[in-house]
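Peer 1: Chains as they are written, first to last, in the working numbering: chain A, 270 to 572; chain B, 270 to 572.
Watch out, some of these pointers could steer you wrong.
Remember, identical chains collapse to one label, so a pair may be satisfied in a single copy or spanning two.
Here are the simulated DSBU-like cross-link-like pairs (lysine-lysine), alpha carbons at most 30 Å apart as the crow flies [to be verified]:
#	residue 1	residue 2
1	Lys416	Lys397
2	Lys446	Lys416
3	Lys570	Lys446
4	Lys416	Lys373
Simulated from the structure, these hints should not be mistaken for laboratory data.
There are 2 protein chains.
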Amino acid sequence: MPKLLIVSHDADEYVQWIREANLPHLEVVTDPAECDIVLGEPRRIRDMLPHLTRLKWIQSVYAGVEYLVEPGHRRDYILTNARGVFGELMTEYVFGYLLAFEKKIFERIHSQQVRRWDNTESGRLRGKTLGLLGVGSIGSHLAAAAKFFGMQVRGFTRASEDCSHVDAYFHPPDILKFASGLDYLVCVLPRTEGTNRLVDAALLDALPRHAVLINVGRGNAVDDSALVEALTQGKLAAAVLDVTDPEPLPPHHPFWATPNLYLTFHTSARSYPEDIVKIFAENYRLYLEGKPLKYQVDFEKGY
Amino acid sequence: MPKLLIVSHDADEYVQWIREANLPHLEVVTDPAECDIVLGEPRRIRDMLPHLTRLKWIQSVYAGVEYLVEPGHRRDYILTNARGVFGELMTEYVFGYLLAFEKKIFERIHSQQVRRWDNTESGRLRGKTLGLLGVGSIGSHLAAAAKFFGMQVRGFTRASEDCSHVDAYFHPPDILKFASGLDYLVCVLPRTEGTNRLVDAALLDALPRHAVLINVGRGNAVDDSALVEALTQGKLAAAVLDVTDPEPLPPHHPFWATPNLYLTFHTSARSYPEDIVKIFAENYRLYLEGKPLKYQVDFEKGY
Numbered sequence: 270m271p272k273l274l275i276v277s278h279d280a281d282e283y284v285q286w287i288r289e290a291n292l293p294h295l296e297v298v299t300d301p302a303e304c305d306i307v308l309g310e311p312r313r314i315r316d317m318l319p320h321l322t323r324l325k326w327i328q329s330v331y332a333g334v335e336y337l338v339e340p341g342h343r344r345d346y347i348l349t350n351a352r353g354v355f356g357e358l359m360t361e362y363v364f365g366y367l368l369a370f371e372k373k374i375f376e377r378i379h380s381q382q383v384r385r386w387d388n389t390e391s392g393r394l395r396g397k398t399l400g401l402l403g404v405g406s407i408g409s410h411l412a413a414a415a416k417f418f419g420m421q422v423r424g425f426t427r428a429s430e431d432c433s434h435v436d437a438y439f440h441p442p443d444i445l446k447f448a449s450g451l452d453y454l455v456c457v458l459p460r461t462e463g464t465n466r467l468v469d470a471a472l473l474d475a476l477p478r479h480a481v482l483i484n485v486g487r488g489n490a491v492d493d494s495a496l497v498e499a500l501t502q503g504k505l506a507a508a509v510l511d512v513t514d515p516e517p518l519p520p521h522h523p524f525w526a527t528p529n530l531y532l533t534f535h536t537s538a539r540s541y542p543e544d545i546v547k548i549f550a551e552n553y554r555l556y557l558e559g560k561p562l563k564y565q566v567d568f569e570k571g572y
Numbered sequence: 270m271p272k273l274l275i276v277s278h279d280a281d282e283y284v285q286w287i288r289e290a291n292l293p294h295l296e297v298v299t300d301p302a303e304c305d306i307v308l309g310e311p312r313r314i315r316d317m318l319p320h321l322t323r324l325k326w327i328q329s330v331y332a333g334v335e336y337l338v339e340p341g342h343r344r345d346y347i348l349t350n351a352r353g354v355f356g357e358l359m360t361e362y363v364f365g366y367l368l369a370f371e372k373k374i375f376e377r378i379h380s381q382q383v384r385r386w387d388n389t390e391s392g393r394l395r396g397k398t399l400g401l402l403g404v405g406s407i408g409s410h411l412a413a414a415a416k417f418f419g420m421q422v423r424g425f426t427r428a429s430e431d432c433s434h435v436d437a438y439f440h441p442p443d444i445l446k447f448a449s450g451l452d453y454l455v456c457v458l459p460r461t462e463g464t465n466r467l468v469d470a471a472l473l474d475a476l477p478r479h480a481v482l483i484n485v486g487r488g489n490a491v492d493d494s495a496l497v498e499a500l501t502q503g504k505l506a507a508a509v510l511d512v513t514d515p516e517p518l519p520p521h522h523p524f525w526a527t528p529n530l531y532l533t534f535h536t537s538a539r540s541y542p543e544d545i546v547k548i549f550a551e552n553y554r555l556y557l558e559g560k561p562l563k564y565q566v567d568f569e570k571g572y
């Protein structure tokens, strides 16, 4: 009989949704040595990897599984991550900021504070160009929303070109060509060796001065010093960082007070137990039948 | 030969787009006594109505034509307004604010200022309920976007029920039933006798305390004192007013400093000459052929 260990700060809620899902034969246990399946948060699970003596499958509740794929850890089990559920939330987040900039939401607040009737014209998304650094499940969702708002969409990927909402694909070494002329650059890259400091001084220089950078992937993709310099010198209009390296950000990190830099403290996509249990339930039925699971992570690639 | 007078602060841009449209036989003139067609802004046109001795048709560059339909003015011509072009812009505006509230954009800025790692959970639009006061061309566009984001949509109209994106319609006298349980109430009503102070104390009381009011229609629809009281007493989470009565707002009006009230100074939908000339060109061809024009305003109804 399959035994499930839940490793999450939302454990109670998970137990409830798992019960409602009525999964056949599944028993929820609390002893790491007893379980063959683990559902939970990668960082917490990593610390108990040596104790999971019967481990066969880990279902991550997040998309990012860098803590489990980092070198030195065991890889003798199937690792699946959560996909398809964060695209919608990150789309809400990204378009919230895109529209806030176009509609000058922050400037209007300031004008109201000084009692100035500020009818400066707003911008609009239609016709603007969005560049996606990474076009996986989340990037595709962003591209669909960009099309809904009448935007042009460019995608930068290693090789893949399978999202129909992307108007133009770019691949290495064309990253500066990709960046040139973008109004918005949104980074949705996972943390891997290959994504370290991809957003560097050269890339920031290639963006127009009115461009805005949004990072909802992982903090390692951004060269912090280069970003602070670009914003301080007005080479870039703004940056919105949901992710940083490290998290939380130390109290004296320059990001806290860099002009036109907006921090959102890794809140862009909450992992809702209700959503994750749907993924888990689908995979659990495949597991019972001995079939390949969905959303398997490649330990080498890291995603 | 049809003679066109352009009455707009964007006159130069209009002349250019009109030229590019290559409209047969059309001559652009500057003498009000000479023209049979006027393209422009209702308030400015109103002041020259007595001088338009050959007037046959006015094409407004705005949706709102209250200055031309107010009692006492001549009605011996065809009045058409601009439709179909503002829905998209107002949708960007409204969803900018909806997402700003869900994603706690203002709170995160404050947290950053005090260097607090504020990972309070954000909300999401999916599953939330949007109420539309008025479901015309603009309301329908808003409803479509609400569906894109997975929201429930209620529509309040006098009688019509022709937008497929509205899940539930309400009509007078069911306005309080309409308001009950809404997360967002968006007012897109034109200024008419029938819309005066529709958003009054009773309606505001019927909204949940976490609800947000957005007015992109006309300022007359809101009872100012009732709104100030509701916000001051925390009966309503926030209000975003693009329109007020009067505009500009006098320096000592309470709206400037009411808590959780956001003013945006009638910027939600700019009238782009490029968009308006498309409407004008289509109507001009109908005019030449002696056919009924599109988007004719009913002087009695006022829209």
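Peer 1: Regarding Lys416 and Lys373, is the shortest C-alpha distance of 30 Å or less found within a copy, between copies, in both, or in neither?
Peer 2: both (22 Å within a copy, 25 Å between copies)
Peer 1: One pair to classify: Lys570 and Lys446, alpha carbons no more than 30 Å apart. Within, between, both, or neither?
Peer 2: Classified as within; 25 Å inside a copy, 54 Å across copies.
Peer 1: From the Cα coordinates, with 30 Å as the cut-off, is the pair Lys446 and Lys416 best called within, between, both, or neither?
Peer 2: within (21 Å within a copy, 36 Å between copies)
Peer 1: Check Lys416 against Lys397 for me: Cα-Cα at most 30 Å, and say if that holds within a copy, between copies, both or neither.
Peer 2: both (10 Å within a copy, 23 Å between copies)
Violated hints for the displayed structure: none, as all numbered hints are satisfied.
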